[in-house]
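So for the sequence shown, the UniProt record's numbering puts the first residue at 1; every next one is plus one.
The hints are simulated quantities; they were obtained by calculation from the structure and are not laboratory data.
Beta carbons are placed, not taken as given, at the ideal position from N, Cα and C, and that holds for glycine.
Mixed in with the good hints, there may be bad ones.
[Claimed, not checked] If you anchor each label on the Cβ, the simulated ranges turn out as follows:
#1 Glu-148 with Gly-210: 49 to 59 angstroms
#2 Pro-248 with Ser-150: 51 to 61 angstroms
#3 Gly-206 with His-32: 40 to 50 angstroms
#4 Ala-107 with Pro-179: 28 to 38 angstroms
#5 Ala-344 with Asp-77: 32 to 42 angstroms
#6 Ser-198 with Val-48: 19 to 29 angstroms
#7 Pro-179 with Pro-250: 41 to 51 angstroms
#8 Glu-200 with Pro-241: 18 to 28 angstroms
#9 Gly-323 with Gly-127: 52 to 62 angstroms
#10 Arg-251 with Arg-125: 32 to 42 angstroms
#11 Gly-188 with Gln-95: 32 to 42 angstroms
#12 His-71 with Gly-323: 15 to 25 angstroms
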Amino acid sequence: MTQSPHLLAAVSAHGLGHLAQIASVINALRRHRPEVAVTVRSGHPREVVADWLEGPFAHQPVSDDFGLVMHDAVTVDAEASLARYRALHADWEAQVEAVAADLAAAAPDLVLADIPYLTLAAAHRLGLPSVAMCSLNWRDILAPLAPEDSDMRAILATMEAAYNGARAFLQPAPAMPMPSITNGLAIGPVGRVGRGRSAELRQWLGAEDGEPVVLVAMGGIQPSPLPVAPDCGRPIHWLRPPRAGEAPAPRQHDPATLGWPFPDLLASVDAVVTKPGYGTFVEAAAAGCPVVTLDRAGWAEAPALLAFLRERGGGEVVPADAGPAAICRALDAVLERDRPEPQALTGNEEAAEQLWMELRRGSREGEGGQVSSVGEPERMDQEHYSN
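When you get a sec, could you build the whole thing from the sequences and use the hints?
In structure tokens, the structure reads:
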């Protein structure tokens with residue numbers, strides 16, 4: 001490869017979990033290959049992306065998907081979601097052409113999507129190599145909500161074809177079952193590892209010995225349905241984003257005022273109260289942080305995430321409409337146990353190896369060289385990190 005390779009990453013703005021996955025993998029790639037140029041195509045504002053992604057990047061403030069329409073952090077608006085998918089696919093060819101024009105202008109060597117299938121379809125139309133990566137896909141998320149009619153069957157088939165047109169679909173653990181995906185490649189968990197700063201945090205909060213510090217994190221989708229119990233019968237310091245117009249309360253603090261990276265918060269608190277979501281579950285596991293989670297019935301990814309939580313220990317599940325008493329009981333349970341052992345996030349390097357192989361693949365094929373298949377990744381720490 002005679003010039004800096006260019007990776008364009010299309011990132012869903014449906015919450016923050018997709019950005020967490022993409023950023024963790026790109027950061028791992030560029031720690032070894034800092035010359036890789038990156039363009040991020042996402043509805044997330046540039047400053048949000050910069051909080052997660054290390055190093056320089058170009059930004060295209062465009063959303064190529066919407067995921068699902070949500071009533072709140074845990075409840076899907078199925079009717080509105082289906083209406084939006086019908087509207088998108090009613091003008092599908094024009095949508096693909098518009099995105100293809102953007103990709104042609106950017107001229108990346110590889111398109112990475114987490115997980116806008118429209119971007120993958122546009123890359124395929126241009127003959128650009130592409131890789132999908134996510135612990136879920138919108139086709140298998142949407143299918144249980146979709147009625148049995150010919151229009152919706154055609155929409156699902158188009159989504160399926162777009163995902164399977166990528167060279168690989170990297171599926172970081174814990175991934176939901178993806179029966180529609182034929183090019184899947186399982187990898188380990190991906191995410192960021194925080195720095196434990198418990199003493200610093202407790203001093204900032206004024207927390208006394210025996211007073212737990214608990215983070216409330218509902219991801220990037222608001223409003224949160226969570227009713228927070230201020231004390232649970234004992235003093236608890238809550239790190240919790242305030243709702244609009246909410247009056248300050250004792251021992252409730254806005255975590256944004258700290259300015260800390262989210263993984264540092266997870267590595268420093270005594271527990272996190274959250275919903276089933278990939279980024280928080282995996283980064284809590286990496287920190288050995290106990291988890292209390294709302295249930296998320298009807299969300300196809302939830303069973304895999306909850307199984308992951310049970311396997312590593314240190315977690316409790318409460319109903320989505322749980323009141324303060326149920327949350328307090330769950331917190332008492334996790335705080336009485338030993339802190340779980342931290343989870344190794346092996347998928348960061350595994351995915352980075354795959355991306356580097358694909359970035360090199362085109363130039364090597366053009367030179368008549370041989371490359372390994374997607375299912376047989378080469379090692380970046382050997383040949384991949386040579387010229």
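Going through the hints against the structure:
| no. | hint | in the structure |
| --- | --- | --- |
| 1 | Glu-148 with Gly-210: 49 to 59 angstroms | 57 angstroms, holds |
| 2 | Pro-248 with Ser-150: 51 to 61 angstroms | 55 angstroms, holds |
| 3 | Gly-206 with His-32: 40 to 50 angstroms | 42 angstroms, holds |
| 4 | Ala-107 with Pro-179: 28 to 38 angstroms | 35 angstroms, holds |
| 5 | Ala-344 with Asp-77: 32 to 42 angstroms | 37 angstroms, holds |
| 6 | Ser-198 with Val-48: 19 to 29 angstroms | 26 angstroms, holds |
| 7 | Pro-179 with Pro-250: 41 to 51 angstroms | 50 angstroms, holds |
| 8 | Glu-200 with Pro-241: 18 to 28 angstroms | 20 angstroms, holds |
| 9 | Gly-323 with Gly-127: 52 to 62 angstroms | 55 angstroms, holds |
| 10 | Arg-251 with Arg-125: 32 to 42 angstroms | 55 angstroms, violated |
| 11 | Gly-188 with Gln-95: 32 to 42 angstroms | 34 angstroms, holds |
| 12 | His-71 with Gly-323: 15 to 25 angstroms | 19 angstroms, holds |
Hint 10 from the list above is the single one not met by this structure.
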